[in-house]
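For reference, the chains in residue letters:
There are 2 protein chains.
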Amino acid sequence: MEEKVLHAIQDDYPEDFAWCYGCGRLNHEGHHFRTGWIGEKTVTIYSPEPKHIAVPGFVYGGVVASLIDCHGTGSASLALHKKNGHHAGEAAEPPRFVTASLNVEFVKPTPHGIPLKAIGVVHEIHPKKFRIETEVSANDELCARGEVIAVVMPSTFIQQK
Amino acid sequence: MEEKVLHAIQDDYPEDFAWCYGCGRLNHEGHHFRTGWIGEKTVTIYSPEPKHIAVPGFVYGGVVASLIDCHGTGSASLALHKKNGHHAGEAAEPPRFVTASLNVEFVKPTPHGIPLKAIGVVHEIHPKKFRIETEVSANDELCARGEVIAVVMPSTFIQQK
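Chains as they are written, first to last, in numbering that gives the first Met the number 0: chain X, 0 to 160; chain D, 0 to 160.
With the rest of the complex left out, here is chain X:
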């Protein structure tokens, strides 16, 4: 049975912030990463497309990095939204984060053709800044570790209309 995140925070992002190539539900050509809670941790499940290879049989590292990136900002949004008294799936719009830094350690070649599972632990640095530690595994084998520093999206990121 394919695992699926039921209540993803990205489903609730305001429309103006739902165009991300990584996780925007309105970007029809993007990855559509979706991040939700699994107990006290966060989870994103993603099956790379056939084109997303480094060499045949293994996943391109930039896609693993992208997964860790959006999993990080999504996890930060989940955490702050929860702290604000809300849950994914409610009508309330969650806060939108951007990535200040992204670190990825590639532990072993990531096999292609298996759904990747990113599991995150969220640490609050201050009310607008979170650190997310993520492990990406395939068939329960650890392939990559990541750390994202996510900050609430500054107003400079919003294009003048």
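Honestly, the hints are just simulated from the structure, not real lab data.
This one's a predicted model, so the numbers in the text were calculated from it and none came from an experiment.
Treat the hints with care, since some could be wrong.
Pairs involving identical chains hold if they fit within one copy or between any two copies, as the list cannot separate such chains.
Each computed DSS-like pair below joins lysine-lysine, with the alpha-carbon atoms no more than 25 Å apart [stated by the list, open to error]:
| no. | residue 1 | residue 2 |
| --- | --- | --- |
| 1 | Lys128 | Lys107 |
| 2 | Lys107 | Lys127 |
| 3 | Lys81 | Lys128 |
| 4 | Lys116 | Lys3 |
| 5 | Lys107 | Lys50 |
| 6 | Lys127 | Lys82 |
| 7 | Lys128 | Lys82 |
Starting from the structure of chain X, add chain D where the hints point.
Just chain D now, kept in the frame of chain X:
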């Protein structure tokens, strides 16, 4: 006039290693990052596609990370190939690297619609391991800094045929 890398190391990768979604010339759906020398530094120039946005007007961080990633492995390949007495554009097959770690600091939102230029400085850690410091700029404005540790591709990365 559009700037272009003339002699890119990825043009010379052996066919078996030219399928990378980031920099493989044979992956028709990929980014086709191409990396060459510019004096003692390395350069990759890339124009993100319309879909590669974080929010409208700004480039998706995962694509910046991907650029830094393949720029790093390409730069390491350039450096070792040169050390071995070869130059991009020769018939000799260059060494192929993989990424051990990738760190990206997002300095400011990366504007979309402007070619991105990644400039790298290559440091040899040991004969099979290189550290590449990269700066990504748009219109000469620094948008992101990156560091890649690249190692010669291990045999475990080559799929059994």
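Results for each hint:
| no. | hint | in the structure |
| --- | --- | --- |
| 1 | Lys128 to Lys107 | between (30 Å within a copy, 16 Å between copies) |
| 2 | Lys107 to Lys127 | between (33 Å within a copy, 17 Å between copies) |
| 3 | Lys81 to Lys128 | within (15 Å within a copy, 43 Å between copies) |
| 4 | Lys116 to Lys3 | within (10 Å within a copy, 38 Å between copies) |
| 5 | Lys107 to Lys50 | within (20 Å within a copy, 30 Å between copies) |
| 6 | Lys127 to Lys82 | within (12 Å within a copy, 47 Å between copies) |
| 7 | Lys128 to Lys82 | within (13 Å within a copy, 44 Å between copies) |
Comparing the model with each earlier hint shows no violations; every hint is respected.
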